[in-house]
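Novice: Using the hints provided, position chains B and C relative to the given structure of chain A.
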Amino acid sequence: MGFINNIREKSPLIHFITNYVTVNDVANATLAIGASPIMTDEINDAPDMQNICNALVINTGTLNKNTVVSMIESGKRANELGHVVVLDPCGAGATPYRNEVIKKLMDEIKFDCIKGNISEIKALANVSSKTKGVDASEADQATRKNLKDVFKFAKDLSKATGAVIAITGVIDVIVDKNTAYITDNGCKEMRAITGTGCMTAGVIAASIVANRDNRLEAVLNSIVAVGLSGELAKEYAKGTGSLHIGLIDELSNMTDEKIEKGAKVEKFEI
Amino acid sequence: MGFINNIREKSPLIHFITNYVTVNDVANATLAIGASPIMTDEINDAPDMQNICNALVINTGTLNKNTVVSMIESGKRANELGHVVVLDPCGAGATPYRNEVIKKLMDEIKFDCIKGNISEIKALANVSSKTKGVDASEADQATRKNLKDVFKFAKDLSKATGAVIAITGVIDVIVDKNTAYITDNGCKEMRAITGTGCMTAGVIAASIVANRDNRLEAVLNSIVAVGLSGELAKEYAKGTGSLHIGLIDELSNMTDEKIEKGAKVEKFEI
Amino acid sequence: MGFINNIREKSPLIHFITNYVTVNDVANATLAIGASPIMTDEINDAPDMQNICNALVINTGTLNKNTVVSMIESGKRANELGHVVVLDPCGAGATPYRNEVIKKLMDEIKFDCIKGNISEIKALANVSSKTKGVDASEADQATRKNLKDVFKFAKDLSKATGAVIAITGVIDVIVDKNTAYITDNGCKEMRAITGTGCMTAGVIAASIVANRDNRLEAVLNSIVAVGLSGELAKEYAKGTGSLHIGLIDELSNMTDEKIEKGAKVEKFEI
Numbered sequence: 674m675g676f677i678n679n680i681r682e683k684s685p686l687i688h689f690i691t692n693y694v695t696v697n698d699v700a701n702a703t704l705a706i707g708a709s710p711i712m713t714d715e716i717n718d719a720p721d722m723q724n725i726c727n728a729l730v731i732n733t734g735t736l737n738k739n740t741v742v743s744m745i746e747s748g749k750r751a752n753e754l755g756h757v758v759v760l761d762p763c764g765a766g767a768t769p770y771r772n773e774v775i776k777k778l779m780d781e782i783k784f785d786c787i788k789g790n791i792s793e794i795k796a797l798a799n800v801s802s803k804t805k806g807v808d809a810s811e812a813d814q815a816t817r818k819n820l821k822d823v824f825k826f827a828k829d830l831s832k833a834t835g836a837v838i839a840i841t842g843v844i845d846v847i848v849d850k851n852t853a854y855i856t857d858n859g860c861k862e863m864r865a866i867t868g869t870g871c872m873t874a875g876v877i878a879a880s881i882v883a884n885r886d887n888r889l890e891a892v893l894n895s896i897v898a899v900g901l902s903g904e905l906a907k908e909y910a911k912g913t914g915s916l917h918i919g920l921i922d923e924l925s926n927m928t929d930e931k932i933e934k935g936a937k938v939e940k941f942e943i
Numbered sequence: 674m675g676f677i678n679n680i681r682e683k684s685p686l687i688h689f690i691t692n693y694v695t696v697n698d699v700a701n702a703t704l705a706i707g708a709s710p711i712m713t714d715e716i717n718d719a720p721d722m723q724n725i726c727n728a729l730v731i732n733t734g735t736l737n738k739n740t741v742v743s744m745i746e747s748g749k750r751a752n753e754l755g756h757v758v759v760l761d762p763c764g765a766g767a768t769p770y771r772n773e774v775i776k777k778l779m780d781e782i783k784f785d786c787i788k789g790n791i792s793e794i795k796a797l798a799n800v801s802s803k804t805k806g807v808d809a810s811e812a813d814q815a816t817r818k819n820l821k822d823v824f825k826f827a828k829d830l831s832k833a834t835g836a837v838i839a840i841t842g843v844i845d846v847i848v849d850k851n852t853a854y855i856t857d858n859g860c861k862e863m864r865a866i867t868g869t870g871c872m873t874a875g876v877i878a879a880s881i882v883a884n885r886d887n888r889l890e891a892v893l894n895s896i897v898a899v900g901l902s903g904e905l906a907k908e909y910a911k912g913t914g915s916l917h918i919g920l921i922d923e924l925s926n927m928t929d930e931k932i933e934k935g936a937k938v939e940k941f942e943i
Numbered sequence: 674m675g676f677i678n679n680i681r682e683k684s685p686l687i688h689f690i691t692n693y694v695t696v697n698d699v700a701n702a703t704l705a706i707g708a709s710p711i712m713t714d715e716i717n718d719a720p721d722m723q724n725i726c727n728a729l730v731i732n733t734g735t736l737n738k739n740t741v742v743s744m745i746e747s748g749k750r751a752n753e754l755g756h757v758v759v760l761d762p763c764g765a766g767a768t769p770y771r772n773e774v775i776k777k778l779m780d781e782i783k784f785d786c787i788k789g790n791i792s793e794i795k796a797l798a799n800v801s802s803k804t805k806g807v808d809a810s811e812a813d814q815a816t817r818k819n820l821k822d823v824f825k826f827a828k829d830l831s832k833a834t835g836a837v838i839a840i841t842g843v844i845d846v847i848v849d850k851n852t853a854y855i856t857d858n859g860c861k862e863m864r865a866i867t868g869t870g871c872m873t874a875g876v877i878a879a880s881i882v883a884n885r886d887n888r889l890e891a892v893l894n895s896i897v898a899v900g901l902s903g904e905l906a907k908e909y910a911k912g913t914g915s916l917h918i919g920l921i922d923e924l925s926n927m928t929d930e931k932i933e934k935g936a937k938v939e940k941f942e943i
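Here the protein sequences come in this chain order: A, B and C.
Our numbering applies: residue 674 is where the first sequence begins, and numbers increase by one.
Our numbering applies: residue 674 is where the second sequence begins, and numbers increase by one.
Our numbering applies: residue 674 is where the third sequence begins, and numbers increase by one.
One chain only, chain A, in its complex shape (with noise of 0.2 angstroms):
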């Protein structure tokens, strides 16, 4: 009963190909919610790890031209098995070869959820095949005022991929189709600690995992439950260090009981 509940009840066994940067981080943080994390990004290897796992989860934070291979081919398996697929398309827009990449991935894989910062989640918009790009125009951080046009702009990707779309900022939107929240959790602190996106992200695929019937609602406390655990930790911690390490003792320790308790969440239909 509960999201992190069940997590920790069904602990889902999930493959990452995964920026080496932050991996370490990603590894203890899916262990600490309750899920057990394995790492490949071989092609001889990758595809057929997914017959023994739940999820994937997809991070071009290092991508290189193997693993793009990896990636791809790992998730069309997932696809085929019907195993969750998380995108976090970090980096997105810095460089043509990315751009390149994510519109591939867009392409031939579909994902539950597609999670990054705006900037990130434009550029994904803008190369792939499946949406008509973004107004230049548009929003570069989604506050209390553009809300309405987040909204429209995630719904309208969310219809076009089938995807949950998560934007992170100083407010956190989670919208699909129909319904849109947006989370105040998490502390300025944690932009000073490199891989709290990449980490959720792997929170995220446990959690839709163990809550298949309320995929919106399983990515919501995903993102309440690290943004919270940095709250948490930011309350003793010393400086960016410890807060890393507070961070994941805060998740190792996360319950429903203090989501519920803790989360600042706003719910609208759209």
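For the record, the hints were derived by calculation from the structure and aren't laboratory data.
There may be inaccurate statements among the hints.
Chain copies aren't distinguished; within one or between two, either way the pair holds.
As the list claims (entries may be wrong) - In silico DSS-like cross-links for lysine-lysine, where the CA-CA straight-line distance does not exceed 25 angstroms:
1. K850 / K825
2. K777 / K861
3. K803 / K911
4. K850 / K738
5. K818 / K907
6. K907 / K803
7. K818 / K940
8. K861 / K683
9. K832 / K777
10. K738 / K777
11. K911 / K683
12. K940 / K825
Here the structure is a predicted model, which means the values were calculated and not measured.
Specialist: Okay, now just chains B and C, sitting in the frame of chain A:
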């Protein structure tokens, strides 16, 4: 005098071809126990690195076709030079490719120690042409009830390979052709940290280099040192993040005296 | 006003092609000092990443034939764009391949700073076609007794390369063609943590970007900042794990005032 003290005095240089998930912890654990780590997996570089090192650790966690070639050539070079070689068959049994790689490693390299959980060690025994395979009905976990079976299996594998066999789990089992040790050190919370096994492989390599006349006990003391570090850290850890850091702290403060006091070990002639 | 303050105000974006052992610490140290890191080593991606960055850091720790090509092309692009480029010749001298790579990097890229321990810097000087090699009899460690020799060697290398030369050790030596600084900051326990040198390279790059008119002092202040962070963390660290985390904490709280108060620096005209 004493296994840990010998490591700190001789300060061996250990070459790792290891997975990118836990590599930082492996390096820091190796330093914490008094040895020095160097990582390289490029075929033009890795075999030559053996010329200035004392040992090689091969971990197959995030293997790829390039690093596998480096594993084999570095392993051969290490064998030629009479260096200590440790295998951590991380993920053995998970995919056909992993099994194929493990078979090659077993065929081409002579190991001083092979360390893994029981499913990895069984998968390895099944693919190795040096062994006759494992009966599917054999134990899935070493327990006090099936110790005799586990000892027999590990003893046969030790005889076939010439390596000390270390099977980690709730009870750790360390076996060569005549003697078996079991140890109860460690705590269940350590399973929620990635990399404790990978770190242990580095400590094992350093310990064998520094205690070559007592290879079996060198492995035993390494496993006890890491397990005991986890136990000590657990006393003050607030979650898995601080347990992880505490484990490194305790490893850096580990002494032979602490091991003598805290080791939970039983010895068996087999 | 002040070197660290300038980093925090300008928040440079630093592109790293760095080893996978310490990459997470490098990213977190870069954030802690007030800059932003981005890592990519794919040839189709890395040179283009310079278009949105302010600097490049090349670290040869876990080089491979693919990343070496990316190092060279990214370095050339960075030079074309007038960006700051820092070389950390990690492991120079350890194998023939490393020396060959270092030679290529030195031949094709102009560096603002080259930072390493004395054996790395000597190996680099020996292979570079810009220098005439190092006498084998020269100092193996910078000490107060051989400062004059070390200054001469570093000054010649600085003149030949145009780079600030930073030689780290018990005493750190920072030299350009006219001036030398030595600093005593840091503590011996830092040697038991991997990555302090790699982190320093990121801080150096950020500091030069933010303080381009005072390149030599920008490097000096970076080395003092990391050393002082280690000293401050040592006061409460319980072992090498918490020293590691404390170092990041202190770096995230570092100010020019703390440096002014804590720096142990001497200046020499050479």
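Novice: Each hint: holds or not?
Specialist: Taking the hints in turn, this is what the structure says about them:
no.	hint	verdict
1	K850 / K825	within (9 angstroms within a copy, 59 angstroms between copies)
2	K777 / K861	neither (33 angstroms within a copy, 42 angstroms between copies)
3	K803 / K911	neither (46 angstroms within a copy, 46 angstroms between copies)
4	K850 / K738	neither (34 angstroms within a copy, 42 angstroms between copies)
5	K818 / K907	neither (28 angstroms within a copy, 47 angstroms between copies)
6	K907 / K803	neither (40 angstroms within a copy, 50 angstroms between copies)
7	K818 / K940	within (16 angstroms within a copy, 54 angstroms between copies)
8	K861 / K683	between (32 angstroms within a copy, 18 angstroms between copies)
9	K832 / K777	within (19 angstroms within a copy, 48 angstroms between copies)
10	K738 / K777	both (12 angstroms within a copy, 24 angstroms between copies)
11	K911 / K683	between (35 angstroms within a copy, 24 angstroms between copies)
12	K940 / K825	within (15 angstroms within a copy, 61 angstroms between copies)
Comparing the model with each earlier hint shows violations of hints 2, 3, 4, 5, 6; every other hint is respected.
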